[in-house]
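Asks: Kindly generate the complete structure, drawing on both the sequences and the hints.
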Amino acid sequence: MSLYLAAFGFGLVSTSVLAIAAVGFTMQFGISNMINLAYGEVMIAAAYASYGLNNAGINIWVSLLGGAVFGSVSSYLINRVLYAPFQKKGTALIGMVIISLAASLMIANVLLPIVGYYSVSYRQNVGPTFHAGSIALTGVQLAIMGLAIVLMLVIHSLLKLTRLGKAMRATSANPTLARNCGIPTRRVIDTAWLITGALCGVAGTVAGMNSDTFAVASGAGFLISIIAAAVLGGAGNPYGAMIGALLIGEVTEISAAAFSPEYKEVAAFAILVLVMVLRPQGLLAKRGTLAAAG
Amino acid sequence: MSPSALEPTAGSAPATGTGLGVAPQPMMTVRNVERHFEGMRAVDGVSIDILPGRITGLIGPNGAGKSTLLAVLAGTLPASGGTVTFDGTDITEWPAWRRARHGMIRTFQLPSEFAELTVLENLLVAAPNHRGESLRGALLGRRYWIADERREVARARELLARFSLSAKESEYAGSLSGGQKRLIEIMRALMLQPRLLLLDEPMSGVHPSIIGEIARYLEGLRDGGLTILIVEHELHMIERLCNPVIVMAQGKVIGQGSMIELRRQREIVDAYLVG
Amino acid sequence: MTYYLTTLGVYAGVDIIACLALNLQFGVSGIVNFSFIVFQAAGAYTAAVLALPPDSQNGGFQHYVFGAQLPFPIPWIAAAVVGGVLSVPVGLVVLRHLRVDYQAIAMLVLSVIANLVITNARPFLNGAAGLSLVPQPLSDRFNAYSPTYLWAYVAVTFVCCALVFFVSQRIVKSPYGRTLRAMREHELAVTALGKNPVVLKMTIFVVGGVIAGLSGAILVGFITIWAPSTWLYPETLILFAAVIVGGRGNNWGALFGAALVPVGFEEATRYLPQFGPPGLVPALQWVAIGLLIIGFLWFRPKGVLPEKPGRFAAATPVVGARLTKEPGVS
Ligand SMILES: Nc1ncnc2c1ncn2[C@@H]1O[C@H](COP(=O)(O)OP(=O)(O)OP(=O)(O)O)[C@@H](O)[C@H]1O
Ligand SMILES: [Mg+2]
Numbered sequence: 001m002s003l004y005l006a007a008f009g010f011g012l013v014s015t016s017v018l019a020i021a022a023v024g025f026t027m028q029f030g031i032s033n034m035i036n037l038a039y040g041e042v043m044i045a046a047a048y049a050s051y052g053l054n055n056a057g058i059n060i061w062v063s064l065l066g067g068a069v070f071g072s073v074s075s076y077l078i079n080r081v082l083y084a085p086f087q088k089k090g091t092a093l094i095g096m097v098i099i100s101l102a103a104s105l106m107i108a109n110v111l112l113p114i115v116g117y118y119s120v121s122y123r124q125n126v127g128p129t130f131h132a133g134s135i136a137l138t139g140v141q142l143a144i145m146g147l148a149i150v151l152m153l154v155i156h157s158l159l160k161l162t163r164l165g166k167a168m169r170a171t172s173a174n175p176t177l178a179r180n181c182g183i184p185t186r187r188v189i190d191t192a193w194l195i196t197g198a199l200c201g202v203a204g205t206v207a208g209m210n211s212d213t214f215a216v217a218s219g220a221g222f223l224i225s226i227i228a229a230a231v232l233g234g235a236g237n238p239y240g241a242m243i244g245a246l247l248i249g250e251v252t253e254i255s256a257a258a259f260s261p262e263y264k265e266v267a268a269f270a271i272l273v274l275v276m277v278l279r280p281q282g283l284l285a286k287r288g289t290l291a292a293a294g
Numbered sequence: 001m002s003p004s005a006l007e008p009t010a011g012s013a014p015a016t017g018t019g020l021g022v023a024p025q026p027m028m029t030v031r032n033v034e035r036h037f038e039g040m041r042a043v044d045g046v047s048i049d050i051l052p053g054r055i056t057g058l059i060g061p062n063g064a065g066k067s068t069l070l071a072v073l074a075g076t077l078p079a080s081g082g083t084v085t086f087d088g089t090d091i092t093e094w095p096a097w098r099r100a101r102h103g104m105i106r107t108f109q110l111p112s113e114f115a116e117l118t119v120l121e122n123l124l125v126a127a128p129n130h131r132g133e134s135l136r137g138a139l140l141g142r143r144y145w146i147a148d149e150r151r152e153v154a155r156a157r158e159l160l161a162r163f164s165l166s167a168k169e170s171e172y173a174g175s176l177s178g179g180q181k182r183l184i185e186i187m188r189a190l191m192l193q194p195r196l197l198l199l200d201e202p203m204s205g206v207h208p209s210i211i212g213e214i215a216r217y218l219e220g221l222r223d224g225g226l227t228i229l230i231v232e233h234e235l236h237m238i239e240r241l242c243n244p245v246i247v248m249a250q251g252k253v254i255g256q257g258s259m260i261e262l263r264r265q266r267e268i269v270d271a272y273l274v275g
Numbered sequence: 001m002t003y004y005l006t007t008l009g010v011y012a013g014v015d016i017i018a019c020l021a022l023n024l025q026f027g028v029s030g031i032v033n034f035s036f037i038v039f040q041a042a043g044a045y046t047a048a049v050l051a052l053p054p055d056s057q058n059g060g061f062q063h064y065v066f067g068a069q070l071p072f073p074i075p076w077i078a079a080a081v082v083g084g085v086l087s088v089p090v091g092l093v094v095l096r097h098l099r100v101d102y103q104a105i106a107m108l109v110l111s112v113i114a115n116l117v118i119t120n121a122r123p124f125l126n127g128a129a130g131l132s133l134v135p136q137p138l139s140d141r142f143n144a145y146s147p148t149y150l151w152a153y154v155a156v157t158f159v160c161c162a163l164v165f166f167v168s169q170r171i172v173k174s175p176y177g178r179t180l181r182a183m184r185e186h187e188l189a190v191t192a193l194g195k196n197p198v199v200l201k202m203t204i205f206v207v208g209g210v211i212a213g214l215s216g217a218i219l220v221g222f223i224t225i226w227a228p229s230t231w232l233y234p235e236t237l238i239l240f241a242a243v244i245v246g247g248r249g250n251n252w253g254a255l256f257g258a259a260l261v262p263v264g265f266e267e268a269t270r271y272l273p274q275f276g277p278p279g280l281v282p283a284l285q286w287v288a289i290g291l292l293i294i295g296f297l298w299f300r301p302k303g304v305l306p307e308k309p310g311r312f313a314a315a316t317p318v319v320g321a322r323l324t325k326e327p328g329v330s
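Residue numbers (the numbering used here), protein chains in the order written: chain A, 1 to 294; chain B, 1 to 275; chain C, 1 to 330.
Since the hints were made in silico from the structure, they are not lab data. There may be inaccurate statements among the hints.
Here are the computed lysine-lysine pairs in the DSSO-like style, where the Cα-Cα straight-line distance is at most 30 Å [as the list claims (entries may be wrong)]: (1) C:K302 with A:K88; (2) C:K173 with C:K308; (3) C:K302 with C:K173; (4) C:K302 with B:K168; (5) A:K264 with A:K166; (6) C:K302 with A:K89; (7) B:K252 with C:K173.
Pair ranges (Cβ atoms, derived) [claimed, not checked]: (8) B:G224 with C:V304: 29 to 35 Å; (9) C:T2 with A:L3: 42 to 48 Å; (10) B:P208 with A:P85: 36 to 42 Å; (11) A:G90 with B:G224: 37 to 43 Å; (12) C:Q69 with A:L3: 39 to 45 Å; (13) A:G90 with B:S166: 28 to 34 Å; (14) B:L139 with A:P85: 54 to 60 Å; (15) B:R143 with C:D140: 49 to 55 Å; (16) C:L5 with A:N125: 29 to 35 Å; (17) B:Y144 with C:A259: 30 to 36 Å.
Using N, Cα and C, we set each Cβ at its ideal position, and we do this for glycine too.
Replies: What follows is the structure, given as structure tokens:
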């Protein structure tokens, strides 16, 4: 039992990392109506950007900011230079998903010769370990959880309280209508990519902080958990992604404790399949974006 | 066709007749049909009868739920509630393709041509019961299905000639004008020799001279016994072709009858029939 | 030299077969099968374990199931069958209700997970190390290392290519293929014309799976090894690049694309001198594949050899003209 309790504790940390990542991912889907398969690779690239700073002797939390900026700018550029022009050209969904997978591979393989194949780890002081029953978490892990909560609240206020948030929701629901109502959709979309890119960068770095090591090859694994969380919560829905992250984060850690850590992502996959069979529109789906029209 | 008396309102007394004194069985009966989008009731408890051998008009302001209702009748959107019967059979749960095989064919409000197929191929796709259309037929080779192909090519060319599109048969459908795409869709539907034709704004974007052509053709089909439901904003076409006409607003049926009768009803005029 | 050329020949043949299958699924029917390589792998593993002796017999250095030691061509046939059978549950889960880009990510996730599971489940198919010493077909009767055998293997591979090409052409040029193309263009409209899209997608998905399984069997019979590292999900993207470059929907395009992209890029450069730090050349190859896909989708989305529409003979003889052919597809 204590084993599972400990796993539950780790699950909360995984949830925090995953929530930051999945909210960014799902918001990109919502605003641009496309699945950005390069998301996992941008996360890794940002984690390495933070690593570069950290390795140069800068404190990890400051480096984290650098990672956020890196993720933000590179996501913005990917959308502006690659995705948006193709969408403007009228490229169908089927083409967009291939383009984003191609982009993902290109990022990974530009990154590889630069950073190498080997795993790296941050220089960080993980702080004292806190115990609550059989749950044992380090200071860094608690800090990651705190950061995730803060970021979720920020996103919530952004969406619900600011004009930008309203414009983003309107653009997400119906871009043509939003444009006709005088919303500068292009600027809104650009801003959304900057914000979600920052989330992506933060997520990459905290993922690296939470695990002992990371490498370029970790990107695909990240992506699977993110997709599972986002789909579970109904793609395009940030609140759904948060709940999805909680479920996926806990299930992967607890199944890792129950079976074997190698199969962590298999649990995420099993949930994904179940959702696709039983409730293709997701748990909290509002827009029915997942199901084919008609 | 004799001008019709007032049609019964939904779900009330049986049809009072067509002028010949015979009460026709409705071809399609729609009862309390609903369709929700995220709690928004696009179609909100619609009950109508579609009588055989008639062209029924469906009009209403933008967003009234006309297209949604048509999609629910054709099965391309599942209903959130209510029942649809066709020829006495409850088809509410039937998928769209099954309804189509039973003769209910719809067209779409937005162009839905197969862009990278030629015009002739667009029509041929619609051909029913083609031996070459299964994997097995394809593997058995050309000789197995060529007779069917010839038959269907001939039928498709007849239709193309009737709509003066013969010259375009080898062009990509995606390269046609909006009006020509509309025609393709109508011809595609006709390739299937439907029993109930559900048309969603078949005349929008079509050149005025061709609108007359379509109207004449639809009248011919009706006189040949085909039942048609048509959603249209072109009111004079509705007036010419349709009896009865059903008016929808905000997901509900707010009136039905001949166009002349509808014009007499204040609230309907206010809601939609401007002027 | 013989070994180099014959290896290249077999790889080329296998890539052509794979591209033809992917063309049927993706190019003709619009199914974004990002897990294509899994079906090839399933075929390869099937053929391998059916040809291998029981795993206790070779010193126990590798572990796997079955080990049936069946004679050629049973492993190949079984590989094709397994590729097709595996397509059924995958297709039923993925292809029925989901929007097309969700289909794609579902397949992508499947590809990653399948590899992960096989890598970690060692007793099943020998895990990350993979299977080796897979007996070549008929190696009990011929010397599998003689040039004659190697060239004969290439010849058999190309006979399979021709067979698959023949089948693909029959499908593409048939009314069935026409309906598949229409479904790619507008699925809902095809449904509204009385075609069951699930049947259309499932049949072509299974056909593609059968061919993919066969391609895996041919490959493993020649290279005699098969490991998870040979079927990572990016491999599928190379095949996509080939179909896109060649011309989606056109079998000749798939042929051309296969000869150009996977063969040209991957197999030929495998023997080129490496420069820079280790890993640089392969990394650049992947970048090039990505650029190729993006460049073609931008500048020439229909590929080098665009899909050809059906041609039909003229309906009526032109006045005073020569004999016209009867109407029909040509
Ligand atoms: N797929 C959908 N998701 C969400 N809302 C929808 C969807 N389809 C239609 N609606 C909404 O349902 C309502 C009815 O739409 P519908 O297209 O049926 O109207 P209509 O009467 O055909 O209008 P028009 O004359 O403009 O074609 C509208 O408010 C529309 O926004
Ligand atoms: Mg409409």
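Asks: Are there hints from earlier that the structure breaks, and if so, what are their numbers?
Replies: Going through the list in order, the structure violates hints 5, 7, 8, 9, 14, 15, 16 and respects the others.
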